[in-house]
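Visitor: Taken in order, these protein sequences are the chains called A and B. Quick note on this note's numbering: the first sequence kicks off at 1 and runs consecutively. Quick note on this note's numbering: the second sequence kicks off at 1 and runs consecutively.
Derived from the structure by calculation, the hints contain no laboratory data. Treat the numbers as computed from the prediction; the structure is a model and nothing was measured. One should not assume that every hint holds.
Said to hold, decoys possible - Straight-line Cα separation of at most 20 Å, PhoX-like style, residue types lysine-lysine; simulated pairs:
#  : chain 1 : residue 1 : chain 2 : residue 2
1  : A       : Lys472    : A       : Lys462
2  : A       : Lys400    : B       : Lys341
3  : A       : Lys259    : B       : Lys341
4  : A       : Lys405    : A       : Lys450
5  : A       : Lys405    : B       : Lys341
6  : B       : Lys13     : A       : Lys26
7  : A       : Lys457    : A       : Lys394
8  : A       : Lys7      : A       : Lys324
9  : A       : Lys222    : A       : Lys207
10 : B       : Lys236    : B       : Lys13
11 : A       : Lys400    : A       : Lys433
12 : A       : Lys41     : A       : Lys66
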Amino acid sequence: MRSWLDKIKQGQLWRYQGGVHPATKKDNIDCDKPETLTLAKQLVVPLQQHIGSPAKVCVEVGSTVKTGQALTESRFYQSPPVHAPCCGTVVAIEARPSAHPSGISELAVVIEPSSIQDQNAFMAPLLEAELTPELICERVHQAGISGMGGAGFPAALKISPNKPLDVLIINGAECEPYISSDDCLMRNYAEALLRGVSLLEKALSPKLVIVAVEDDKPEAIKALQAAAGDNIVVRAIPTKYPSGGEKQLVQVLTGRELKAGQLPIDQGILVHNVGTAYAVQRAVDHGEPLISRIVTLAGDHVGEPRNYWVAIGTPVSHLLEQQKLGTHHQAIMGGSMMGFMLPNLASPIVKTANCILVNNTPAQAQEQACIRCGECAQACPMGLLPQQLYWYAKGDDLEKSRSYKLMDCIECGACAYVCPSAIPLVQYYRQTKAKVRAEDLLAHEAERAKQRFDARKLRLEKEQAERKARQKQAAERRLQQAQGAGNDPVKAALQRMQSKQVEIKAIENEQGELVPDNSAAIAARKARKAQARAAKDAKTTNTAVAAALARAKAKREGDNEQSAPAKSDNPAVAAAIARAKAKRNSEQPTEAEGSKPATSANPAVAAAIARAKAKKAQQTDASESDDTAVKPSSSSSNPAVAAAIARAKAKKQAAEQPSANAKDAAVAAAVARAKAKKASQSEQPELERPENAESQTASSANPAVAAAIARAKAKKAQAELQAQDENAAGDAKPAKSSANPAVAAAIARAKAKKMAQEQLQQAQNEHSEDARPVASSDSPVESSDATSPPKRSAAVAKAIAAAKAKQAAKAASSMESDNDE
Amino acid sequence: MTNNLLSSPFIRKPLRTQTLMFWVIVCLLPGFIAQSYYFGIGTLVQVLLASSAALATETATQLLRGRSPAAALADNSALVTAVLLGLALPAYAPWWAAVIGGVFAIAVVKQLYGGLGNNLFNPAMAAYVLLLVSFPVTMTSWIPPQSLLAESLSLSDGLRLIFTGFTRDGFSLLQIASVDGHTLATPLDAVKTGLSQGLMTEEILQGVQFGAIAGHGWQIINLAYLLGGCALLYLKVIRWHLPVAFLVSLIVLGIWGQLFGLTNAAPVSLHLLSGATMLGAFFIITDPVSAATSPRGRMIFAALIALFVYIIRTWGGYPDAVAFSVLLANMCVPMIDHFTKTRVYGYNVEHDDD
Chain A
1 MRSWLDKIKQ GQLWRYQGGV HPATKKDNID CDKPETLTLA KQLVVPLQQH
51 IGSPAKVCVE VGSTVKTGQA LTESRFYQSP PVHAPCCGTV VAIEARPSAH
101 PSGISELAVV IEPSSIQDQN AFMAPLLEAE LTPELICERV HQAGISGMGG
151 AGFPAALKIS PNKPLDVLII NGAECEPYIS SDDCLMRNYA EALLRGVSLL
201 EKALSPKLVI VAVEDDKPEA IKALQAAAGD NIVVRAIPTK YPSGGEKQLV
251 QVLTGRELKA GQLPIDQGIL VHNVGTAYAV QRAVDHGEPL ISRIVTLAGD
301 HVGEPRNYWV AIGTPVSHLL EQQKLGTHHQ AIMGGSMMGF MLPNLASPIV
351 KTANCILVNN TPAQAQEQAC IRCGECAQAC PMGLLPQQLY WYAKGDDLEK
401 SRSYKLMDCI ECGACAYVCP SAIPLVQYYR QTKAKVRAED LLAHEAERAK
451 QRFDARKLRL EKEQAERKAR QKQAAERRLQ QAQGAGNDPV KAALQRMQSK
501 QVEIKAIENE QGELVPDNSA AIAARKARKA QARAAKDAKT TNTAVAAALA
551 RAKAKREGDN EQSAPAKSDN PAVAAAIARA KAKRNSEQPT EAEGSKPATS
601 ANPAVAAAIA RAKAKKAQQT DASESDDTAV KPSSSSSNPA VAAAIARAKA
651 KKQAAEQPSA NAKDAAVAAA VARAKAKKAS QSEQPELERP ENAESQTASS
701 ANPAVAAAIA RAKAKKAQAE LQAQDENAAG DAKPAKSSAN PAVAAAIARA
751 KAKKMAQEQL QQAQNEHSED ARPVASSDSP VESSDATSPP KRSAAVAKAI
801 AAAKAKQAAK AASSMESDND E
Chain B
1 MTNNLLSSPF IRKPLRTQTL MFWVIVCLLP GFIAQSYYFG IGTLVQVLLA
51 SSAALATETA TQLLRGRSPA AALADNSALV TAVLLGLALP AYAPWWAAVI
101 GGVFAIAVVK QLYGGLGNNL FNPAMAAYVL LLVSFPVTMT SWIPPQSLLA
151 ESLSLSDGLR LIFTGFTRDG FSLLQIASVD GHTLATPLDA VKTGLSQGLM
201 TEEILQGVQF GAIAGHGWQI INLAYLLGGC ALLYLKVIRW HLPVAFLVSL
251 IVLGIWGQLF GLTNAAPVSL HLLSGATMLG AFFIITDPVS AATSPRGRMI
301 FAALIALFVY IIRTWGGYPD AVAFSVLLAN MCVPMIDHFT KTRVYGYNVE
351 HDDD
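Same shape as in the complex, but just chain A (with noise of 0.2 Å):
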């Protein structure tokens, strides 16, 4: 048995079922070599001329284009661009009345051609040699190549096809009635046409390639012959209409019946227009876009009815004026059996529009009854029943035309044009065909509607459901608590609340203000603040700093000793705190007991001490800086002598920064620093000078004042024992403190931390590594914690202390260098 392609190969044909022989009135048509028609004063380019979506524009109103210009533009393939059919300038781009049946304005761009029609902006031709499927696609999609057999379908979204391809079918079964446009190209242009049509079997690779025209058109299948290879089969097929439609056509080639909803290439097969071909071969051949195509003027009122070239675009007006007929004759857009009657002649010429016939206006015939003479049902290719399409469509059962297939008429017209009872068959079954598409589409929407309602619905009841759970949990336990305590839930409650409120009211004393207990929080968001900053100085900022940092902070937050330590879930700020802490408790057996060994032996005390080494390394590196000894210490590589600088850096700008809220503070420490260094002027002793300074610290309410001050004492008692033990430096030491109190405090200083050194070196690693998130940021929270003032002045206060103290030892530093060597 032969195969099937071996079949078609032999030039086996099929039948279809149904079909009708109207007359072809194709006789007297001029089918010669085409002329071209003259550019009309305007014309009107539809944006979409296609199935699909229209392309983007790109030109604007008053722009000058060039014959073949892209005047839209996409990159897909379902909206192919359209061209300027000529050199001009765009007047509009605007809604005009579209070639279509319901005259409806659709956008245009309107071009006025200019009077000089010399410039082109075709594309460049594609060489054979580079010619690639991809690459004749793009430039079929360029072209603005859509689908010339009437539909209008994007020609580069049909070749480029994902499936096999084993039956190319060039369609030349000009069907209609009139049309010879077709005709009139096979006959002109068969060697442009069949190089079109190779370069689509090159896009495509097909397993054959037939062109079918029906035998009512001798002259172009021998022009065909003629010029066709031997890859190209050249098939007639008999006259029938409709013969040219895409299913007839395969099966008339083919044999093959489309199952419902498939297309062509399901089954292997695709079918192109010829002009279609053509068009491509221009596109690739040519660079030429679709800016141009043959139509047939015809009709009982032509008085010669021909083929012209005609541009896209031209109102048909202007070709009805070809053959001297005025607007008031009514087109036919499309041939006698599937085309539409132009509402309006300023209607374009688009691409797809293959003829124009004006003839007689038809005496609208009336309707009469349908006798059920079966007719209908034998011209229809599809198989269908008409008569009873048309009963179900005037009794409007949808479900009805439904089941007998209405939605699969192809509206050929076949069974209107056999019925002898002159029903507008087809129109009855557009108008249905609106109807089942309506009620589908509400049907569609009804559906999403009932889904989203049933989701709600579910959604609430879930909710609904979950609530009852909760509340049912909830009053077990209730019920449990109940029995198992004895106790009153609501009591309870009770006492909860009274607690917390004894808790609040604590803070409020302390604080001496009505200010809520948020050092919690603010800790926690410094900590967050510092984690940030810390990151991102990463490189300046290194253990020492932090920790030093870290524990300036802590010793102010430890006047809130209460909350803080037992709500900072913050583990940094909580060593923090409890290094200050500590350091509050080594300095209260100072004051009380005057014990200095007990104080270099607390961990904190040895930080202070160890800051102080670092200070003096510091200064030992950079003597010869001036007054600002920061700089170079960023060179330091000790990291405790990076630490002193930060800090210092920090304290210096807390004090750059005071504010008039932190003038009583500055001068709080200014009192202090005075007290300081009257305490060591006279050399009395410890026992009686804390205290003084503790009074007047608290006379000034000011906590890190009295911190302050109490660490400069401290460090001044180290100061003096140590002065003891060492003698050389003890010699020299009292004879300047006496000139310079400060100088020689920091000299003391610098000795008691020198000999806590080593006790200090445990002590501050673990520190370090405590409290390096909070450290970097001490002072810029300081300069930006609006919410605590007074804490804030005392923190601004104490920088200051400190600073003037770091000022009063940079001042003695080049005396104390000397000493120490």
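Could you slot chain B onto chain A? The hints should help.
Guide: Same frame as chain A, but now just chain B:
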């Protein structure tokens, strides 16, 4: 520019309903002429009577329904119905038979169902059956062909018979219809009677009313209708499915009956060329309105009529059976249509080659 926007297609086949109906009437002419030749003026009078009654009824009902009578009359469908009824009636049936038939066919069978295209039953046959059931004697009183009559019936005698029941000489129809003192039955009647009396078919066919092939006169009339039917086919007014299926079925049934030696089986030729066989095959069962719609359905419809005809002719109580058979088949049409839907393109596709 007019606002008269039409929908495609813009061309139509010139064959219109009124033309179709007109051609049907034209193609009835050979049969009518043959019938008139054998039975005289009576046939024409019956046709005219039925037509007048039908057209008047059509006009009246259209007016009652508030529609234009002109449009309804213009489609010629009522005329066809009336002509068929007139041809089916015995040539010298009383005038009121044709009138009752015409009024009934149009008013009840056609318009009561909604007018042209909506009637379930064939109007002419329904009216015929009504008359047959109501006036059995009148409806079976066919006079023998004129050539068999002792003295030919004059024009005035014919008219008198129809309108008064008696000729100028006072003869009734029954008296006229007797040959040599015996009432001469129609060929089909004769066969039925003869067979029931145990006569052999050959003996029966020896009777005076039989000609070379079938009944004398009737065979010619049937052949004339066959001629007209062929013209209809040629003119594509009707399609071949109905008549061919009907006749072929009848032939097959006739041969089957003879092969199996049914004692009361009439010969095939008698079936084909007697009574209303050819009139029915080409002009009655082809009424599109009451027939099945699809070609396959129509063939089933026609075969069914043939079966009914054969059964009634062979075993039934009525000599001819076309009218009853058509009505019975009409009843089956919705069912036939339902089960003979055409296969729509793209559904239940089978490819022989893959």
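Visitor: Is the hinted pair Lys259 (chain A) and Lys341 (chain B) satisfied, with a Cα-Cα distance of at most 20 Å?
Guide: The given pair, whose Cα atoms are some 18 Å apart, holds under the 20 Å limit.
Visitor: Given the hint that Lys405 (chain A) pairs with Lys341 (chain B), test it: the Cα-Cα distance must not exceed 20 Å.
Guide: holds, 11 Å
Visitor: Would the pair Lys222 (chain A) and Lys207 (chain A) pass a check requiring their Cα atoms to be no farther apart than 20 Å?
Guide: Not satisfied, since the Cα-Cα distance of roughly 24 Å exceeds 20 Å.
Visitor: Please verify whether Lys457 (chain A) and Lys394 (chain A) have alpha carbons no more than 20 Å apart.
Guide: Measuring from Cα to Cα gives roughly 41 Å; hence the hint is violated.
Visitor: Would the hint linking Lys400 (chain A) and Lys433 (chain A) be met if the CA-CA limit is 20 Å?
Guide: holds, 12 Å
Visitor: Given the hinted pair Lys405 (chain A) and Lys450 (chain A), is their alpha-carbon gap at most 20 Å?
Guide: violated, 28 Å
Visitor: Given the hint that Lys472 (chain A) pairs with Lys462 (chain A), test it: the Cα-Cα distance must not exceed 20 Å.
Guide: holds, 15 Å
Visitor: Quick one, are Lys400 (chain A) and Lys341 (chain B) close enough, alpha carbons at most 20 Å?
Guide: Holds - the C-alpha atoms of Lys341 (chain B) and Lys400 (chain A) are around 13 Å apart, at most 20 Å.
Visitor: Does the structure keep Lys236 (chain B) and Lys13 (chain B) at a Cα separation of 20 Å or less?
Guide: Judged against 20 Å, a Cα distance of about 12 Å means the pair holds.
Visitor: Would the hint linking Lys41 (chain A) and Lys66 (chain A) be met if the CA-CA limit is 20 Å?
Guide: holds, 16 Å
Visitor: For the pair supplied as a hint, Lys7 (chain A) and Lys324 (chain A), is the alpha-carbon distance within the 20 Å limit?
Guide: violated, 51 Å
Visitor: Would you mind confirming whether the straight-line C-alpha gap from Lys13 (chain B) to Lys26 (chain A) stays at or under 20 Å?
Guide: holds, 17 Å
In the structure shown, a violation is registered for the earlier hints numbered 4, 7, 8, 9, in ascending order.
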